[in-house]
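A.B. asks: For reference, the chains in residue letters:
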Amino acid sequence: MLKDITLGQYFPGDSPLHKLDPRVKLVLTIFYIVIIFIAKGAAGFLVITLFTLALIMLSKIPFSVIMRGLKPLIFIIAFTAVINVFWTTGEKPLVNFGFIKIYYEGILYAVLMVLRVVLLLLGTSVLLTYTTSPIALTDGIERLLGPLKKIKMPVHEFAMMMTIALRFIPTLIEETDKIMNAQKARGVDFTTGGLLQRAKALIPILIPLFVSAFRRADELAVAMECRCYRGGEGRTRMTILRLAPRDFVAVGTFALFCAVVVATNIYVPWLTI
Amino acid sequence: MINPFIKTENLCFSYDLTEEGGPHREHKVLKNVNLEIGRGDFVAILGHNGSGKSTLAKLLNLILIPTSGKVYIDGRDITDPNMIEDDVFAVRRSIGMVFQNPDNQLVATIVEEDVAFGPENLGVPPPEIRRRVDEALSIVGMSAFARHSPHQLSGGQKQRIAIAGIIAMLPDCIVFDESTAMLDPSGRKEVMDTIISLNRERGITVLHITHNMDEAVRADRVIVMDDGVVFFDGTPREVFSHVPELQSVGLDVPQVTELLYELSLDGVTMPDGSPLPRGILSEEEGADILRKLIK
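Top line first, the protein sequences correspond to chains A and B.
Our numbering numbers the first residue of the first sequence as 1 and each following residue consecutively.
Our numbering numbers the first residue of the second sequence as 274 and each following residue consecutively.
What the hints contain is simulated information worked out from the structure, not anything from laboratory work.
Idealized CB from N, CA, C, for every residue including glycine.
Any given hint could be a false lead.
As the list claims (entries may be wrong) - One-sided and incomplete, this derived list gives chain A residues near chain B with beta-carbon spacing under 10 Å:
(1) Arg-167
(2) Phe-168
(3) Cys-226
Stated by the list, open to error - Okay, derived cross-link-like pairs now, SDA-like style, lysine to any residue, Cα gap no bigger than 25 Å in a straight line:
(4) B:Lys-331 <-> A:Val-211
(5) B:Lys-331 <-> A:Leu-220
(6) A:Lys-60 <-> B:His-421
(7) B:Lys-462 <-> A:Glu-91
(8) A:Lys-150 <-> A:Lys-60
(9) A:Lys-101 <-> A:Glu-91
What the hints assert, rightly or not - Here are the in silico distance ranges between beta carbons for each label pair:
(10) B:Glu-299 <-> A:Phe-210: 27 to 33 Å
(11) A:Phe-210 <-> B:Asp-487: 35 to 41 Å
(12) B:Glu-299 <-> A:Gly-232: 36 to 42 Å
(13) A:Leu-172 <-> B:Asp-487: 31 to 37 Å
One chain only, chain A, in its complex shape (with noise of 0.2 Å):
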């Protein structure tokens, strides 16, 4: 049961934007989140809507998996457009109910808001979280932050902090798995009763859980010193990630979206906010 469950939200596949560097991804979703807040206007929106259909259709992703993803966030959705719609001031309401006084800005802004907050997470989703394989976005951090390390920032450690943190995931679900079986064998009920309870049978689960991961831990820590772990310094790699033609392309691609955007909020001011 617990099994099912997925890393973060990679989707296996070897579209082009699957094989993009995950520095170049890492670097454009900034980008991309950037430019989503520096649109003010329809034309804008639409450029930037057209945009991530086109990256939907190139990352071969099924639109339903994405969709999907968008489905625990509706309330997030939902609630800005109330809060725009009704708090936002304009010349004359369209409606007018005593205290509900809808405007016409209000309308607006709360569409182009939640356009914003779709467009935000389809976008950074099929960029970086869809495509890109949690071993290879820490990959990326690390090498991105690289710089940083001549300022004492331990990029190497949370970097390596992540990957065992990956690692150990499926085990300890496993472990989870065992225990909770385990547990039932003895009688605890994990399914009935109230909040509390059902919180206080989890205690049974969690003690058993977290002395294991801490006896892991120090087993793991041994393995690694036998194998001369000793930090950041003076380790090499066995990949190196190197940037291919396709990475330029997309750079290329994607300075050519962030200028038109740029450009429609200058000479395509209709419907701006």
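Let chain A serve as the given structure and place chain B on it in line with the hints.
C.D. replies: Just chain B now, with coordinates in the frame of chain A:
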């Protein structure tokens, strides 16, 4: 022995149990252990829990520091206080260790990344790491699983990956600390076959710590530890001819050895009147003797 690869001199190790302000108390785990192990040897180390066999292993690559006594690796005193960090890591490269729980020694989420972990730590150039990883995986017969994630593998396969991770550091000696104890019979066989081929074909010195007598029989030499001292040291045949002594320190002997020992206790002799040979290790040998007895 001339130029032993590993040599210990009066090696002692104890845990300090002294409580703050209390009287001095310690738990002696190893007491004056003197051993010599030659290059390319295949040595099995037996002993019940708490006999000090794992501690001995951890002293050889400086995971633990001896309380007193000396350890020489390839003629070099590794207990020398002037050893710098690089020397310590040179020792750890030279003496690799594979542990009991395969899950707790794999670091990376992809098999080949894990095998690369050791050479990466040693600062080996990337193309050379690639070469070593491919070679190590083919030695343990796991090349087909290079891009798999460790949690998709069986216990025996994980343990072979752990061995590959050590091989990739090009060690002179590998210590297996009960590496077969958690495996099922088929996993045990996989790992045992790998260990033997490493020793026979690549000349890697092997110290195999085990509880399994049938595995110990396959070694060139058996060392029995009890309560921190070397209790027996000899070929499997010599060691396993001391059935009652081994049983007195809580160890079993292979079933066929025990059977012939029990028969001789009952006064059974060979047809020509000579006593039954002691220290019979293989079932074939045992069957031969039984056949003669029945005739």
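A.B. asks: If a hint holds in the structure, say so; if it doesn't, say that too.
C.D. replies: Hints and how they fare:
A hinted interface residue such as A:Arg-167 counts as satisfied when its beta carbon comes closer than 10 Å to some beta carbon of chain B; here the least separation is about 5 Å, so the hint holds. For the restraint placing A:Phe-168 at the interface with chain B, the shortest Cβ-Cβ distance is roughly 8 Å, inside the 10 Å limit, so the hint holds. For A:Cys-226, the shortest C-beta to C-beta distance to chain B is roughly 4 Å, which falls under 10 Å, so the interface hint holds. Taking the CA atoms of B:Lys-331 and A:Val-211, the gap is near 23 Å; set against the 25 Å cutoff, the hint holds.
With a CA separation close to 14 Å, the supplied pair B:Lys-331 and A:Leu-220 stays within the 25 Å bound. Proposed proximity of A:Lys-60 and B:His-421 is supported: the alpha carbons are some 23 Å apart, at most 25 Å. Restraint check for B:Lys-462 and A:Glu-91: not satisfied, since their Cα atoms lie roughly 83 Å apart, outside the 25 Å limit. About 40 Å separates the Cα atoms of A:Lys-150 and A:Lys-60, which puts this hinted pair outside 25 Å; it is violated.
Distance check on the hinted pair: A:Lys-101 and A:Glu-91 sit about 11 Å apart at the alpha-carbon level, within 25 Å; holds. At roughly 30 Å, the beta-carbon separation of B:Glu-299 and A:Phe-210 lies within the given 27 to 33 Å, and the hint holds. Between A:Phe-210 and B:Asp-487 the beta carbon distance is about 37 Å. The supplied range of 35 to 41 Å therefore holds. For the hinted restraint 36 to 42 Å between B:Glu-299 and A:Gly-232, the CB-CB distance of approximately 37 Å keeps it satisfied.
Between A:Leu-172 and B:Asp-487 the C-beta distance comes to about 34 Å, which sits within the given range of 31 to 37 Å.
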